[in-house]
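Read top to bottom, the protein sequences are chains B and P.
Following the UniProt record's numbering, the numbering of the first sequence begins with 1 at its first residue and continues without gaps.
Following the UniProt record's numbering, the numbering of the second sequence begins with 1 at its first residue and continues without gaps.
FYI, nobody ran anything at the bench for these hints, they're computed from the structure.
Here the structure is a predicted model, which is why all the values come from computation and not from measurement.
C-beta atoms are modelled at their ideal positions from N, C-alpha and C, and glycine is treated no differently.
Misleading hints may appear alongside valid ones.
As the list claims (entries may be wrong) - Label pairs and their in silico Cβ distance ranges: (1) A157(B) to G360(P): 29 to 35 Å; (2) D288(P) to R173(B): 46 to 52 Å; (3) E314(P) to F422(B): 54 to 60 Å; (4) P357(P) to G358(B): 15 to 21 Å.
Claimed, not checked - Cut-off 30 Å, straight-line C-alpha distance, at most; resulting in silico cross-link-like pairs (BS3-like, lysine-lysine): (5) K283(P) to K204(B); (6) K204(P) to K283(B); (7) K227(P) to K227(B).
Number of protein chains: 2
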Amino acid sequence: MTGNQHPAGQSVESTEQDVRAKLPRRGLLFGGAAAGLGALAAAGAQLAGAAPQDGTPAAQPADTVHGGGTVPFYGTRQAGITTAAQAHGVFVALDLRPGTTRAGIRALLRLLSDDAANLTAGRPALADSEAELAQVPALLTVTFGFGPGLVAAVDPARSPAWLQPLPAFTVDRLQPGFSDGDLLLQICADDPVTVAHAQRMLLKDSRSFATVRWIQTGFRRSYGSEKPGTTMRNLFGQVDGTTNPAPDSAEHERVVWGGGDIPAWTENGTSVVIRRIAMNLDKWDEVDRVAREESMGRRLSNGAPLTGTQEHDEPDFAAVSKLGFPVISDVSHLRRARPEDGSQRIFRRAYNYDAAPGSGGISDSGLIFVSYQADVERQFIPIQRRLDEMDMLNQWTTPVGSAVFAIPPGCREGGFIGEGLFA
Amino acid sequence: MTGNQHPAGQSVESTEQDVRAKLPRRGLLFGGAAAGLGALAAAGAQLAGAAPQDGTPAAQPADTVHGGGTVPFYGTRQAGITTAAQAHGVFVALDLRPGTTRAGIRALLRLLSDDAANLTAGRPALADSEAELAQVPALLTVTFGFGPGLVAAVDPARSPAWLQPLPAFTVDRLQPGFSDGDLLLQICADDPVTVAHAQRMLLKDSRSFATVRWIQTGFRRSYGSEKPGTTMRNLFGQVDGTTNPAPDSAEHERVVWGGGDIPAWTENGTSVVIRRIAMNLDKWDEVDRVAREESMGRRLSNGAPLTGTQEHDEPDFAAVSKLGFPVISDVSHLRRARPEDGSQRIFRRAYNYDAAPGSGGISDSGLIFVSYQADVERQFIPIQRRLDEMDMLNQWTTPVGSAVFAIPPGCREGGFIGEGLFA
Numbered sequence: 001m002t003g004n005q006h007p008a009g010q011s012v013e014s015t016e017q018d019v020r021a022k023l024p025r026r027g028l029l030f031g032g033a034a035a036g037l038g039a040l041a042a043a044g045a046q047l048a049g050a051a052p053q054d055g056t057p058a059a060q061p062a063d064t065v066h067g068g069g070t071v072p073f074y075g076t077r078q079a080g081i082t083t084a085a086q087a088h089g090v091f092v093a094l095d096l097r098p099g100t101t102r103a104g105i106r107a108l109l110r111l112l113s114d115d116a117a118n119l120t121a122g123r124p125a126l127a128d129s130e131a132e133l134a135q136v137p138a139l140l141t142v143t144f145g146f147g148p149g150l151v152a153a154v155d156p157a158r159s160p161a162w163l164q165p166l167p168a169f170t171v172d173r174l175q176p177g178f179s180d181g182d183l184l185l186q187i188c189a190d191d192p193v194t195v196a197h198a199q200r201m202l203l204k205d206s207r208s209f210a211t212v213r214w215i216q217t218g219f220r221r222s223y224g225s226e227k228p229g230t231t232m233r234n235l236f237g238q239v240d241g242t243t244n245p246a247p248d249s250a251e252h253e254r255v256v257w258g259g260g261d262i263p264a265w266t267e268n269g270t271s272v273v274i275r276r277i278a279m280n281l282d283k284w285d286e287v288d289r290v291a292r293e294e295s296m297g298r299r300l301s302n303g304a305p306l307t308g309t310q311e312h313d314e315p316d317f318a319a320v321s322k323l324g325f326p327v328i329s330d331v332s333h334l335r336r337a338r339p340e341d342g343s344q345r346i347f348r349r350a351y352n353y354d355a356a357p358g359s360g361g362i363s364d365s366g367l368i369f370v371s372y373q374a375d376v377e378r379q380f381i382p383i384q385r386r387l388d389e390m391d392m393l394n395q396w397t398t399p400v401g402s403a404v405f406a407i408p409p410g411c412r413e414g415g416f417i418g419e420g421l422f423a
Numbered sequence: 001m002t003g004n005q006h007p008a009g010q011s012v013e014s015t016e017q018d019v020r021a022k023l024p025r026r027g028l029l030f031g032g033a034a035a036g037l038g039a040l041a042a043a044g045a046q047l048a049g050a051a052p053q054d055g056t057p058a059a060q061p062a063d064t065v066h067g068g069g070t071v072p073f074y075g076t077r078q079a080g081i082t083t084a085a086q087a088h089g090v091f092v093a094l095d096l097r098p099g100t101t102r103a104g105i106r107a108l109l110r111l112l113s114d115d116a117a118n119l120t121a122g123r124p125a126l127a128d129s130e131a132e133l134a135q136v137p138a139l140l141t142v143t144f145g146f147g148p149g150l151v152a153a154v155d156p157a158r159s160p161a162w163l164q165p166l167p168a169f170t171v172d173r174l175q176p177g178f179s180d181g182d183l184l185l186q187i188c189a190d191d192p193v194t195v196a197h198a199q200r201m202l203l204k205d206s207r208s209f210a211t212v213r214w215i216q217t218g219f220r221r222s223y224g225s226e227k228p229g230t231t232m233r234n235l236f237g238q239v240d241g242t243t244n245p246a247p248d249s250a251e252h253e254r255v256v257w258g259g260g261d262i263p264a265w266t267e268n269g270t271s272v273v274i275r276r277i278a279m280n281l282d283k284w285d286e287v288d289r290v291a292r293e294e295s296m297g298r299r300l301s302n303g304a305p306l307t308g309t310q311e312h313d314e315p316d317f318a319a320v321s322k323l324g325f326p327v328i329s330d331v332s333h334l335r336r337a338r339p340e341d342g343s344q345r346i347f348r349r350a351y352n353y354d355a356a357p358g359s360g361g362i363s364d365s366g367l368i369f370v371s372y373q374a375d376v377e378r379q380f381i382p383i384q385r386r387l388d389e390m391d392m393l394n395q396w397t398t399p400v401g402s403a404v405f406a407i408p409p410g411c412r413e414g415g416f417i418g419e420g421l422f423a
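Next up, chain B with everything else stripped away, as it sits in the complex (with noise of 0.2 Å):
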């Protein structure tokens, strides 16, 4: 294709060719063209006024604006993954309603993905009716998650092993308000405008066919407010996910798309692990710089291993005190989630959430943990298991909501996300 066609055309009706011919032009981005496979996994981004509808550099001077940049949506994998993470993220979960079809959920599938094409290329959804909110695509991603049911209305025999909820661990406290679901939508951007519009958009479209179990907003910091690549903290205050595989390395392809003995239908998938942890902030007051360094076994300044002097130093499990003890304590959360072996390994893209305080209350704050990996099973739930037993940090976090989805691959343009478990 080329630039300057529309690729989700032939599903526009007429009347909403009509609104947006009215649009001004500015926002209304085409996304660059189908590209290599493997770039468009990368999801780089690119910028309004860099790729005009004719293909060629624009000839005005790059804006500083970021609000136009987009992430393609079609591609061999989905979006919003390996995409550097936005500054806002919404997780929203939905329960199909009962006696929805196959064909119910195929035709639910079709309409989310267009919508999710054009809202992510900074185009209004199909019937949007607020068309001029669409126009800020600000890195949109949309990526669509298959809970158990949803696959089990479709096609139980080609369910995933791993495709279930996580066993019970200890500490949970789980909320079914914010646990499970039968279709996942993860919506991330750089401004928060966008993604309520986009969720706004993607439900109005769902509710014949679904109804909304749970919604999960969360934020990192804003877009260019640090330094690109700096480590996300936690509202503890803890520089959280240094270990993540870099997206461009052999090892986050293994980890996140590594495959294995799977359906066919889910290769160039994944897996997504949901978890929300409550961090009790007012506990967590209660302990000083030391101990809290002590309980993760980092530096709280920099992130660095107790080991050593910067972030990304390998902790030294070996070193001992002057008095014979471990510098990095055997329960400390470093040491119990470091993997026993390679293989268990997982891709970590959270969110912080700061919710309304209950009554008395002065915060209800955590993080939405969200963790990518080929294979739950194998990867994910031994360190949550390992963590389970002991982690100094458990003694101030609580995990209230879990869910688990399969992440299908991406589709073509004129596809649809999960298409290949109806084929």
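Following the hints, put chain P in place on chain B, whose structure we already have.
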């Protein structure tokens, strides 16, 4: 003062100093000096590196990372009003604990003023338990407002006449959980982590004296995602706030800071009305673009009045269509909100909200309507009365929260917000 003094140094305990000494220097910005009063009121932002400790221009090139930007806290007037609206805003209303004395309120205000001075300068708050989170001020402002209860507890004789709940309007469906309160903390910044951290620190230092009555979290377009100066859109997609008096105008000065017959302690102060306006997106969806524009009296595309082509064109209320009907309907929001006389003007600084929907719904969205005016009774209420009587927009909007606060003047270094009330 010079740039290398510590504005709140005298109130900082030595243990806290020790913690600060261990922090990396980056982000420990020293908000540049007292400056002219008008300049402070205009709240011009200064960027990290632009005003180093010795007061000379930074040698290093300007940092493109925006998180180091600060807005001075100390000044004749409080920041966060004339300050260009940051992307994120949280509004917290506190209730004083029963029996809190005048001395207690004074201690609370001093403590919170010190915290605000530190946090807005990119420094940790007193005993900041997540000190590293304070290093990205991102144009943080903290603005304090006093409810009727606080003023009555200190000196009831000096309460401005307008400091009371608004009269009941027929459109109101007010919830106590979004209404009234003794002390307002308005926390705004261009980074949501910054807002969350400041909120936590201020509430932590409040809790001996006060409890949380309500918290409303809102957002606008993110920093830099649109051209600076773009009028915000609300979640109905409407351009919202076109007629706001420009912050550097004489009109703004009169509307917001106009004073008049007021108690001396409120000089260089103003008032704020915060109303939570639920916007029924499901019902709004049923309305086509023509009817939407008619209800507003403005075009959706760019906010121009229906008699004009550009956002800031003066509306022509006398213009009629070929059929003899007014082009701008007499019951449009634009027509009804228009002041009958020039004194009925307000300065708006609204934020969108998008909360998790209740059971069966797909959205709980609306506007945190925030309006500053020198005199609530004279400026705000007449407008709201007219809108209450008739405004086409009322079909889709419902006020669910309402609160009025007096905004005291700013303070100098060493002082605290509201000190005049205790004089």
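Structure-based check of each hint:
1. A hinted range of 29 to 35 Å holds for the C-beta pair A157(B) and G360(P), which are about 33 Å apart.
2. Checked against the given bound of 46 to 52 Å, the beta carbons of D288(P) and R173(B), roughly 48 Å apart, stay inside it.
3. In this structure the supplied range 54 to 60 Å holds for E314(P) paired with F422(B), their Cβ-Cβ distance being about 57 Å.
4. For P357(P) paired with G358(B), a C-beta distance near 19 Å keeps the hint of 15 to 21 Å intact.
5. Distance restraint check for K283(P) and K204(B): the Cα-Cα separation of roughly 12 Å lies within the 30 Å cut-off, and the hinted pair is therefore satisfied.
6. For the hint pairing K204(P) with K283(B), the CA-to-CA distance comes to about 12 Å; that is within 30 Å, so the pair holds.
7. A threshold of 30 Å between alpha carbons decides the hint, and for K227(P) with K227(B) the separation of about 21 Å falls inside it, so the pair holds.
The structure shown violates none of the earlier numbered hints.
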